[in-house]
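Can you make the complete structure from the sequences, with help from the hints?
If you're matching them up, the sequences are chains A and B in order. Letter by letter, the first sequence follows residues 1 to 104 in UniProt numbering. Letter by letter, the second sequence follows residues 1 to 391 in UniProt numbering.
Note that these hints are calculated values from the structure, not bench results.
Listed next, the in silico DSS-like pairs over lysine-lysine satisfying Cα-Cα at most 30 angstroms (straight line):
#1 A:K96 - B:K353
#2 B:K377 - A:K87
#3 A:K87 - A:K68
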Amino acid sequence: MEHGSFTDESKSTFSMADEDHTLANSIRYTLNQDPRVTFCGYSIPHPSDNRVNIRVQTTGDPAREVLKDACQNLMAVCQHVRNTLDKAVLDHKLTKPVGDINIK
Amino acid sequence: MSGEDKNLHSMSESDSEQEDVGKEGIEWIMNLPDVPMKLPPHVELQRTRVECKADAPIHTDTIQYSGAYASLGIDNSLRLDSFRKNFKIEVIDLKEDDMEFDMIGIDPSLANAFRRILIAEVPTMAIEKVLVANNTSIVQDEVLAHRLGLIPIRVDPRLFEYSDKDTPNEKNTIVFRLHVRCERGKPRLTATSEALTWLPNGSEFPLVSDKSVSNSKPKTYTSFSCSQDTLPEFANNPIGPKDGDIILARLSSGQEIELEAHAVKGMGKTHAKWSPVATAWYRMLPEVVLLEEIEDELAEELKNKCPVNVFDIEDIANGKKRATVARPRACTLCRECIRGEAWEKRVSLRRVKDHFIFKIESTGALPPEVLFTEAVKILEDKCERLIAELS
Chain A
1 MEHGSFTDES KSTFSMADED HTLANSIRYT LNQDPRVTFC GYSIPHPSDN
51 RVNIRVQTTG DPAREVLKDA CQNLMAVCQH VRNTLDKAVL DHKLTKPVGD
101 INIK
Chain B
1 MSGEDKNLHS MSESDSEQED VGKEGIEWIM NLPDVPMKLP PHVELQRTRV
51 ECKADAPIHT DTIQYSGAYA SLGIDNSLRL DSFRKNFKIE VIDLKEDDME
101 FDMIGIDPSL ANAFRRILIA EVPTMAIEKV LVANNTSIVQ DEVLAHRLGL
151 IPIRVDPRLF EYSDKDTPNE KNTIVFRLHV RCERGKPRLT ATSEALTWLP
201 NGSEFPLVSD KSVSNSKPKT YTSFSCSQDT LPEFANNPIG PKDGDIILAR
251 LSSGQEIELE AHAVKGMGKT HAKWSPVATA WYRMLPEVVL LEEIEDELAE
301 ELKNKCPVNV FDIEDIANGK KRATVARPRA CTLCRECIRG EAWEKRVSLR
351 RVKDHFIFKI ESTGALPPEV LFTEAVKILE DKCERLIAEL S
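What follows is the structure in structure tokens.
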């Protein structure tokens, strides 16, 4: 859900249900790394509501698009983390097979 | 691997587009001799290291804002290609249930997101409903049910669905039966998790309210359309508790427990019994730097100060001795070595802000490396959901 204005798309607050610090803090990080963002922050209005508000202000681009790009970036980062881990685990298993046998 | 790499590229199309447009421009600018590419060393130190002083740590925050160093003419924005270049994972130790790895070149917000997801949002199966037919032991029904809930079950939760309000079926429920009795006149009997037997055909207790005709099969608390052990996933890999030596109750002579336990899929944020990890945690890599040469008696003193034996002494020429930092990874940052004003000038204790020593201890449902992959996937799903909501 977006709370913004019709005339100025560059500033918006996005209210997300069923999310917490996990997503909000990661998104805040990726948003802050985007040069188009002038301000970004998040808050959890009430601790017993599962809801976060993310505020995005940009230099002119629609806040909605910038937030979408931040999500895309975060997904790309996640994929890279996954691939890197898979590779590292594979390498570890190949170089140290003795340890694996000793488990059982 | 190459297929996945291609995938990566298509994911970041928007980025590469931007880069393509400005590629010549950006590279040309970056190659100009008078464009500062690096921060001054003292600022770089503040950006990348937490310094632990005797009274308190300083420079603890991470610089996230892309324009933080704009006045120095330096861009602090995240570029995917530089992230890909700098990000590293090194597996230190990988056992059946434990894993330790170094994650280098990532922001704490993401490392923490992975940790939080591991603990609270990666699903597993755990016993949720316990139907007690008979319990004459001294352990009360509700206490016993709670103990049963906490038993880790060795089964891949990805093969199951979340249960709904309708009758449980073979896709969302695992049924176990527990029937232990201590015969009269026998010594005390310890009931362990080993006694839990898997019922691949579902519940065997008839529904109390069932008034159907007696010749048909009586309705039970579950309605399985097929036996779970005929499914290819479980045919050669029967479901059971991960450990057989968990004590459930001790029965004295004449006592008996008969019950059925129904395990369903859930997440750690609902109840810790569904958490797939005993714990998942990280710490930043400690860095110990000797700011000056520490020799002879001082070296000896420094070596003895450290309770975890971080320092070593090496012999240099003329029978002199010098302190060296041999095992910085063992440092707990107890700050014993920088007590006293003189020592704070000799030794500097730091932590590397983007180097995480990540440790995962699985409870056994999934191996730790798979758990981490699942956690990263869950963060991706969250992003996808957000994008879908915004479109």
